[in-house]
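Heads up: the protein sequence lines correspond to chains G, L, D and S, in order.
According to this note's numbering, the first sequence is numbered sequentially starting from 1.
According to this note's numbering, the second sequence is numbered sequentially starting from 1.
According to this note's numbering, the third sequence is numbered sequentially starting from 1.
According to this note's numbering, the fourth sequence is numbered sequentially starting from 1.
Worth flagging that the hints you see were computed from the coordinates, not collected in a lab.
Heads up, the beta-carbon is just placed ideally off N, CA and C, and yes, glycines get one too.
Misleading hints may appear alongside valid ones.
[Said to hold, decoys possible] Looking from chain G toward chain S, a few residues come up when the C-beta cut is under 7 Å (computed):
1) D55
2) V191
3) D192
4) R285
5) L286
[Said to hold, decoys possible] Derived DSSO-like pairs: lysine-lysine, alpha-carbon spacing no greater than 30 Å straight-line:
6) K204(S) - K204(D)
7) K68(G) - K2(G)
8) K168(G) - K168(L)
9) K4(D) - K68(D)
10) K68(G) - K168(G)
11) K68(S) - K168(D)
12) K68(L) - K168(G)
13) K168(D) - K204(S)
14) K204(G) - K168(L)
So the chains spell out like this:
4 protein chains.
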Amino acid sequence: MKEKTPVAVLGATGMVGQQLLTMLQDHPWFYVSEMVASERRAGIPYGETTRWMVDTTLPPAMALLTLKGPNEALASPLVFSCLGARVARDLEPVLVQNGHLVVSNASAFRRNPDVPLLIPEVNPESLRLLSAQRVIGGRGGLVTNPNCVVAGLALGLAPLHHAFRLTKATVVTLQAVSGAGIPGVGAVELVDNLIPWIEGEEDKIAYETARILEAPLAISASVHRVAVLHGHTMSVSISMERTPSREDIIGAWEAFRPPGDVAGLPTCPLRPIVYVHDVQRPQPRLDRMAGRGMSITIGRLRPCPVLGFAFELCVHNLVRGAAGAALLNAELCARRGLIP
Amino acid sequence: MKEKTPVAVLGATGMVGQQLLTMLQDHPWFYVSEMVASERRAGIPYGETTRWMVDTTLPPAMALLTLKGPNEALASPLVFSCLGARVARDLEPVLVQNGHLVVSNASAFRRNPDVPLLIPEVNPESLRLLSAQRVIGGRGGLVTNPNCVVAGLALGLAPLHHAFRLTKATVVTLQAVSGAGIPGVGAVELVDNLIPWIEGEEDKIAYETARILEAPLAISASVHRVAVLHGHTMSVSISMERTPSREDIIGAWEAFRPPGDVAGLPTCPLRPIVYVHDVQRPQPRLDRMAGRGMSITIGRLRPCPVLGFAFELCVHNLVRGAAGAALLNAELCARRGLIP
Amino acid sequence: MKEKTPVAVLGATGMVGQQLLTMLQDHPWFYVSEMVASERRAGIPYGETTRWMVDTTLPPAMALLTLKGPNEALASPLVFSCLGARVARDLEPVLVQNGHLVVSNASAFRRNPDVPLLIPEVNPESLRLLSAQRVIGGRGGLVTNPNCVVAGLALGLAPLHHAFRLTKATVVTLQAVSGAGIPGVGAVELVDNLIPWIEGEEDKIAYETARILEAPLAISASVHRVAVLHGHTMSVSISMERTPSREDIIGAWEAFRPPGDVAGLPTCPLRPIVYVHDVQRPQPRLDRMAGRGMSITIGRLRPCPVLGFAFELCVHNLVRGAAGAALLNAELCARRGLIP
Amino acid sequence: MKEKTPVAVLGATGMVGQQLLTMLQDHPWFYVSEMVASERRAGIPYGETTRWMVDTTLPPAMALLTLKGPNEALASPLVFSCLGARVARDLEPVLVQNGHLVVSNASAFRRNPDVPLLIPEVNPESLRLLSAQRVIGGRGGLVTNPNCVVAGLALGLAPLHHAFRLTKATVVTLQAVSGAGIPGVGAVELVDNLIPWIEGEEDKIAYETARILEAPLAISASVHRVAVLHGHTMSVSISMERTPSREDIIGAWEAFRPPGDVAGLPTCPLRPIVYVHDVQRPQPRLDRMAGRGMSITIGRLRPCPVLGFAFELCVHNLVRGAAGAALLNAELCARRGLIP
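So here's chain G without its partners, still in its complex pose:
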């Protein structure tokens, strides 16, 4: 049995960081060796300074780990970044230059053409960009995963795009509160209410989805925050070049499997896309944990009189949409020998 790789987690006290820690707890390849938080928390044991919000228990060994400050040197070759975009923009390049492989959930470098924006089941070939980075930058590197909506949307669209060529898509989201982190949206704003706007989100959805699918796809996104804890739901309408039947589309989803060396990665689900036939599904509470949170659930495929077809899609924003996305990316890097 191979030795496990030590990893560092940046932004470990946030919502995504907490989720990642629970997923790393019994990971077969990685173990958490270092955690990094903001300067004012440096030197404090993780468990003492973290408002634990995930419904599994905080692993005791992790509770005792002392937090490092953002500027301390890290010993771990693999660094997970669960930082906000602003901090990530400054910190991630430094880590890359110091020779770390940074697997980031932050949005800071997702539009950088030299940085892979990776969903392993969809565009594993984008990891080639990492070699290009290394020609310039040494052994370090940066890999990003998409926004939590895109993580589900691009995965659901991928088999349709490959089989039928997408041309247009409208997506209207109903997003969970855990996507806004801690403290996020106040309860006083969401009890008996919803908010039809999330800063920067609609642009990210349009840009990142098109980039991952490598398609000149016209995407119209309209986003909403609703009183759901985990699980982003979205209502999608699509136009395609070809004219598949309803059965063709469902068939494309049901036949979809992780390609090549992605299949069998510890966090990779057997079936990344689950189609449900119950007309009342997908529902975030009931479906977000499909494939231990790594499968998206699609339902209600029906003709759309305006664009062609419409359907509903649900993705666990913290698992497939953030922590699990980064972890799966890191696993693919590990399998390909890309960890320094």
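Fit chains L, D and S to the supplied structure of chain G, relying on the hints for placement.
For chains L, D and S alone, coordinates are given in the frame of chain G:
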């Protein structure tokens, strides 16, 4: 001062019935003289058998009114129907034949070409159908208002259609629980959850909106139930024949006023359409009571890369979408001397 | 007609400040002349810097008022303080010394024996402390209202204490999110959840209730935050020296009226205590607006096998519990000629 | 390896039935052989007629099982009853007479002195009543578990009662919606609201707790339904004959272990009582799954100025409070050879 007209309310114990009673409480033209409920409640005072769910106090005089059964003769010339579709289908024609003007919120006869599907500010001329009914059926008549989503959507689209000719629209709704009546959706289904489906709703939205706008409009509707008490929010994208600017569209909304004899009706708002410039609005809790619940609120007008323009719209489903819609219809009938 | 008194509002951008502004909008005696916020907002029109959270529209005239900084001199003789305790501790004494009557909702000076802790219907005589302040401090003065739970609890207990002498009380609260201000508790903490703790709250409840009732009352408080927007509900059990019947207690509540010169104040309800006989009431959504938010609602009075009697009580935390409490206090000061 | 015992589940389509099915899915001793529902569902495969509400996937093998009607003969020696009280009152005695061991979650026979009201960790000796039943009634028998609140409360009080003799307790509950079954309370009643009443609940809490603890304990219960999905929280105050310190009480909880042959049952947690030191806990969302839902979580132990000590307790109403309670009871019966 003219004497007030006595009115009967069918389905008075339901959610829409309760809302209507509160709006009739100090009405300048009408007073509640009779209430009708299901057979098993007949003979019981209203206040004793009703689970009062509206947050204003039940008017004491109404609490004492004894409920009539569905087959008892009614003395009131004007009858409001807040019935479910199945019961309405049987009962409303009988009342019409007995010479009552039935102003109905039920969906049973909305597709009947002889029955007005009326939003006074949008298609007041549809009331002419009432005369046709009377040629056949005596002094009675039936007038309906649209579905609670359509009540807001058709109103918001009307000035755009008249100015710029709509060709296509997609609408994705986030609908409040009070729209499902009592008991409606269980809390166990909506805590930390949403449901991406409401029976029959998408068809109603497509059909009724096109009928009211008298437009061969392709409409794609996707509906969701969310944990909001009152206020349906919808994300709308539209294509138009002409190519207005953003300012043109906002201008059309802001210039919209109730036409002719509709203006000044007791329940008619001065401005049926309110445009809000705050990017985080409309929100159901904050905006549903605009114009005492009779104005819709629109915001976030922006280019839609797929269809042309996108915006968010909020309508109070119980007021503008149901009880207030019926009441305004009745007021227009009264002003035009159409009450028997 | 007397001229209206200009008033200043400190902490006008917060939840309580917003509620107070709506209540001052058409006030017969006062008008908002100045608003004060934190230094960084000084000089900005109120409407531009405030995240308006109250469901009535922000009065346009107020939206245009330019915010003053905390250290600017104020011209208004009457100053409402909706500040947090920490800022209030520094700022309120300065304003008093500058000759203002400060009517405060902050907790900073509620335990000061020279400062009235006033509920006009319960202990109007406590206003005498103001004269004592003035002997020392000139024309200025400070009047406080109790914590939002105590505002309801002490009012509900007062007629029982006077008639039957309370000896013990346990109170378990289910408190609304608007009581925590903006942003308050995150939605991520309250969706499908509750929090059994609010910092400092249990002590305030025990101390302030006993002070207002002037009783050596043993009070045990246990507090919870729940996903309700407005309206604190509490489950109360009491022991009394005398042994009234259930009817005696309900009679004491129903007979309770505002005393002397408190009755008829603009914000004073005719019946500060409403007893409801429906076994499922009081409910915050249905009962919080009783008496335009200034009446508390009590129900379910029943024998308690441990202490004597138990009942449920609901108070609108923002109206009777905060903004309305301060406003009523100011009105009593005005009626008694205590405004400088 | 012993063969598994076939079991029948009555009321399999309800909330408790669904939870029980998931817990029986990989049970080491039992397997689901028969399911019984109401007459109108008889003959239909379980998966076709059940609105699945539990967030784990419905086991496919179970989805295919054909439902039996309430009067069909059952082959399984062990029958779980997840029925409502009214149906249970008629059906359970018949099953007992037909020789089945009925392990019931229904309230119908909990007050029958010949029927064990069992929490294995607390009063395992109550199973002796089963032998008495059999003297009269053959090989069949009936065992009940307590109400979902009592399942947590009596467990939390047991070690205190044994060590310090309880005399009085007040308990105020904040109960989850899944406790009301399907459809239960409407969302329209609980969005931005709570309900301070549940029919019959307060009596059950007082009676059942005293019976299980075999104590002449004065209990005052006040119950509330809140917008939480799973997990009943309660605020408890107690008086005791002896005068333990805070440490003594926490020590009694932390030392508590399942007694004798209860320890090691498949569904029995290692530590049925978990004390949390975080002042903001227990919270239902974060703590309900302690011990896979079979451990209760207690926190905030503090002096109560009225009764002695106060604390907060959380129990998963569907697991420890219902399905898991019945399952653990059945396991104890199995270990003791009491299954026919």
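Now for the hints, and whether the structure bears them out:
{"no.": "1", "hint": "D55", "result": "holds, 6 Å"}
{"no.": "2", "hint": "V191", "result": "holds, 5 Å"}
{"no.": "3", "hint": "D192", "result": "holds, 4 Å"}
{"no.": "4", "hint": "R285", "result": "holds, 6 Å"}
{"no.": "5", "hint": "L286", "result": "holds, 6 Å"}
{"no.": "6", "hint": "K204(S) - K204(D)", "result": "violated, 33 Å"}
{"no.": "7", "hint": "K68(G) - K2(G)", "result": "holds, 27 Å"}
{"no.": "8", "hint": "K168(G) - K168(L)", "result": "holds, 15 Å"}
{"no.": "9", "hint": "K4(D) - K68(D)", "result": "holds, 21 Å"}
{"no.": "10", "hint": "K68(G) - K168(G)", "result": "violated, 46 Å"}
{"no.": "11", "hint": "K68(S) - K168(D)", "result": "violated, 56 Å"}
{"no.": "12", "hint": "K68(L) - K168(G)", "result": "violated, 56 Å"}
{"no.": "13", "hint": "K168(D) - K204(S)", "result": "holds, 26 Å"}
{"no.": "14", "hint": "K204(G) - K168(L)", "result": "holds, 26 Å"}
Comparing the model with each numbered hint stated earlier shows that hints 6, 10, 11, 12 do not hold.
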